[in-house]
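Asks: Spelled out, the chains give:
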Amino acid sequence: MEQEILTFTDVKLTYHTRRGETTAAEGLNFSVNAGEFVAIIGPSGCGKTTLLSLAAGLLKPSAGVIKSHGSFGYMLQKDQLFQWRTIEKNIFLPLEIKKLNTPEHRERARNLAEKYGLKDFLQSYPSQLSGGMRQRAALIRTLATNPDILLLDEPFSALDYQTRLNVCEDVSAIIRSEGKTALLITHDISEAISLADRVLVLSQRPAHVAYSHELDFGEVKNPLKRREMPQFSEWFEILWRELNG
Amino acid sequence: MKKAMIYSEEHKKYLKKQRLKIALVWLLRIGLLALLLGFWELSTALGWVDPFIMSSPSRVCKTIGSLYNDGTLFYHIGVTLLETLIGFVIAVVLGVLIALALWWSETVRRVLEPYIVVLNALPKIALGPLIIIWFGTGNKAIIFMTVLVGLIVAIMHMLSAFIATDKNKILLLKSMGASKLQILRKLVIPSSFASFISMLKVNVGMAWIGSIMGEYIVSRAGLGYLLVYGGQVFKLDLVMTAIFILCILAAGMYFLVVLLEKVLVKNTES
Ligand SMILES: Nc1ncnc2c1ncn2[C@@H]1O[C@H](COP(=O)(O)OP(=O)(O)OP(=O)(O)O)[C@@H](O)[C@H]1O
Ligand SMILES: [Mg+2]
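The listed protein sequences derive, respectively, from chains A and B.
The working numbering puts the first residue of the first sequence at 1, with every later residue one more than the last.
The working numbering puts the first residue of the second sequence at 1, with every later residue one more than the last.
Treat the hints with care, as some may be off.
Straight-line distance between alpha carbons at most 20 Å, and here's what the computed DMTMM-like set of lysine to aspartate or glutamate pairs gives [to be verified]:
hint, chain 1, residue 1, chain 2, residue 2
1, B, K266, A, E88
2, B, K174, A, E114
3, A, K115, A, E169
4, B, K169, A, E96
5, A, K180, A, E154
6, B, K169, A, E154
7, B, K167, A, D160
8, B, K174, A, D10
9, B, K201, B, E261
10, B, K169, A, E104
11, B, K180, A, E96
12, B, K235, B, E41
13, A, K60, A, D10
14, A, K99, A, E21
15, B, K186, A, E88
16, B, K235, B, D50
17, B, K21, B, E10
18, B, K21, B, E9
19, B, K174, A, E96
20, A, K89, B, D166
21, A, K119, A, E104
22, B, K186, A, E96
23, A, K78, A, E21
24, A, K60, A, E21
25, A, K67, A, D148
26, A, K78, B, D166
27, A, K180, A, D197
FYI, nobody ran anything at the bench for these hints, they're computed from the structure.
Just chain B, with the same shape it has in the complex (with noise of 0.2 Å):
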């Protein structure tokens, strides 16, 4: 149905405030961005704070410079990139079909739950030495910490999902003559999308989580090896340099998730 295109005065007035009012937020948030980053800057070169300890926006930007002119740049940003990107497929695909295993069959939920509740209070870079071991040295290790970090979230929120489907809608697809696959496929999945969805969202985190702590117990390239590199050699530009990358590599793979969501609604509801 198509919504009335002429509006009153007074909803234009309306529209026209509620259009000023989103402007002024961003305009805040950009305002407060470059404040902050004007006033590290400022307090840099004024001498107020070491840059040696501080680094500051310039510094970050000629670390950046100098990073891509070697060629090591995207490079790095590939690898961890890379890593997360592949952890984070699998641990959403395995939690999901986990989810779906446990979901139907009661028993087997039953015996594995005192095994979940403990993976997942278990801090996982416990595991440290154990992956180095079976999985050695190279990225192996870290898509496994990676998958190790967000394959426990991933199951408990679907799993959850799951188990709260609206029992009067089983009864009614039961009275039906439905099978459980049915019921799965024309109920429990479809009413789970919501929270398929913020389970993504958590599982960005979870993901970049995973693959730094990955990549500073084990590996020789990323921007977690940066970090700790350049915390090793005192070099607090490089450090700045990887957080400032992460920063916008995370909100991009966040945005990613929410433009998913936006087409995946868009797709079932018009």
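Bound-form chain A, shown alone (with noise of 0.2 Å):
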């Protein structure tokens, strides 16, 4: 029995604003299992973010419940790493914010970020790094309070194409070793499918699962290889036809 560590019921979330309102979700239903890897794909403007900020109860749902056990660590779209901050002290800021800035866990923080090829650039600023290197360095800020939960809003959408796909590796590679549960939002169908172990179709917003797909790629977990698979171009039509019908 697979344990399932989020789960939304019934979520609603309606945005207020002196312009007027605007329902972002409704009807919201779904729920990730422990250790699974989970991308949601859907319309531009449709909702995803909310869905993040209302897992990461940055948000306080209009109806309906968030269950979740277990923290959160959040990545988004730009690295958002801090220019006069060294990478070591960026990867340390969670530790900092969340007064767990000891020795023990500023060395296994810094331990993590050894691990996936930091180690040269741990006295560097984020200027002097290249693109993908920082944005690497944002998964191990996000990593470096041992999070449960990775929720990932578009982690490579500022990255070019080639870049992209080496970074999708890494993080794929990093996530599954630390065996995290990942909730991760993208609007590129092929990354979906590379990365995840099922894949939710939002719809138009406001935004509710219209689809959710379990992929049969069996024990492989490696993006490039996933691609080169015959079951790749069958998922990508059907999500590419899901998404626009």
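Quick one: dock chain against chain with the hints and give me the complex.
Replies: Next up, the structure:
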């Protein structure tokens, strides 16, 4: 029996501004199991970022219930590294915020950075790193507090195509080997297929889950290998039709 | 990381060219100054213009010498410098603190916005009579004027920097569970550093405007007083001398800020 780590039940969210109200999500139902990698695709402006903010507890639902067991790490579209801090200090940032800035926690974060190829960059400033390296540093920062669930909001979309494939590969490997649960938002169908165990397709706004697919790549988790498999283009066609139909 | 120390011939040539260019610029700067001063001196010596109205470099030197012999040169400089510095520091510190308070509370910010706009547009000299009555004719009045001129500028400059903080970075910190105070300390203040320095540079100018304006209306000492007095008794040598000294002091204070910037940037980036 797999354990549900995050559950949305009939969730609704309405934004109120002086100009009016926008319902970004309604009747939103889904759950994520521990250790699962779920990708969410949907039309632009349908409420994907809203969904992540709800999951992270940054927004309270207007109706419905969100249940979660565990802590979150949030990763945004751009790396959002602070340019006046070294990479090491950037990685320690969540420790400082959460008052976990102890030698043991710092040691753990530093080990993580060294394990994933940032050893030589710890004392560098973000401006001295390539886009791909910066994104990797952002992921390590997200992992520094050892969160149970990673929320990734289009983390690769600011990168050029070649870097994007590499970083995608990187991030996938890191998340899999750390055994994390991940919820990835993307507007790139092939990215979703190459990374996830399960793909959710959202409807137009207000967002609800229109389709849900368990991907059948068996034990193949590597994004590049998946791209070469025959199922890949079949899934691409299915999802493309659902997204545009 | 250390940069490679061995350069190609081409790069050495390039560096040499750059150094020559910088040297040339400095040479021309100094040359221009010498030319202007020389022309000024010459035109008064040859009687093209009346030295009584135009003064001249040699007369300015003489005036400085006689002020020095009187023992009043450093007295006047000291008075004005102190007023300017105290006013500058108060305006900057108070300005930053008020800007922080306004950043903290959107309600307070919106309530006070029209007042700040009006105070900014108001020519501070209009408050001269009030200042004299409230603070007397001593240097308290002058410092108050200096603070008044710099304060609103400091507030507006810093507030707009605080408000311009990257929304996504705030979201990132919130997702880590940061409190408002943490957002302020870890993000808003450090990311406003460049604006702080540029505000200091602007406020150096504001402080001199404030202190000289203050001395115009109330004082019995200082460089502004020398200007007013020199004008009244038609001692243009004194007026020119005071202007000359002001130029040097204002430039000196500006370069101190530039130096501070360099020191701070070095400390944060290496
Ligand atoms: N803070 C807010 N206040 C008011 N309306 C908002 C706010 N944030 C988002 N919205 C609206 O809610 C809807 C969903 O926004 P959201 O950012 O969740 O969509 P998205 O799917 O992430 O879009 P994108 O594809 O552009 O990333 C949009 O119509 C947006 O205009
Ligand atoms: Mg979005």
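Asks: For each hint, tell me whether it holds in the structure or not.
Replies: Results of checking the hints against the structure:
no.	hint	verdict
1	K266(B) with E88(A)	holds (18 Å)
2	K174(B) with E114(A)	violated (27 Å)
3	K115(A) with E169(A)	holds (16 Å)
4	K169(B) with E96(A)	holds (15 Å)
5	K180(A) with E154(A)	holds (18 Å)
6	K169(B) with E154(A)	holds (16 Å)
7	K167(B) with D160(A)	violated (24 Å)
8	K174(B) with D10(A)	violated (25 Å)
9	K201(B) with E261(B)	holds (10 Å)
10	K169(B) with E104(A)	violated (26 Å)
11	K180(B) with E96(A)	holds (14 Å)
12	K235(B) with E41(B)	holds (17 Å)
13	K60(A) with D10(A)	holds (13 Å)
14	K99(A) with E21(A)	violated (37 Å)
15	K186(B) with E88(A)	holds (15 Å)
16	K235(B) with D50(B)	holds (13 Å)
17	K21(B) with E10(B)	holds (17 Å)
18	K21(B) with E9(B)	holds (18 Å)
19	K174(B) with E96(A)	holds (13 Å)
20	K89(A) with D166(B)	holds (19 Å)
21	K119(A) with E104(A)	holds (18 Å)
22	K186(B) with E96(A)	holds (9 Å)
23	K78(A) with E21(A)	violated (28 Å)
24	K60(A) with E21(A)	holds (16 Å)
25	K67(A) with D148(A)	holds (14 Å)
26	K78(A) with D166(B)	holds (12 Å)
27	K180(A) with D197(A)	holds (13 Å)
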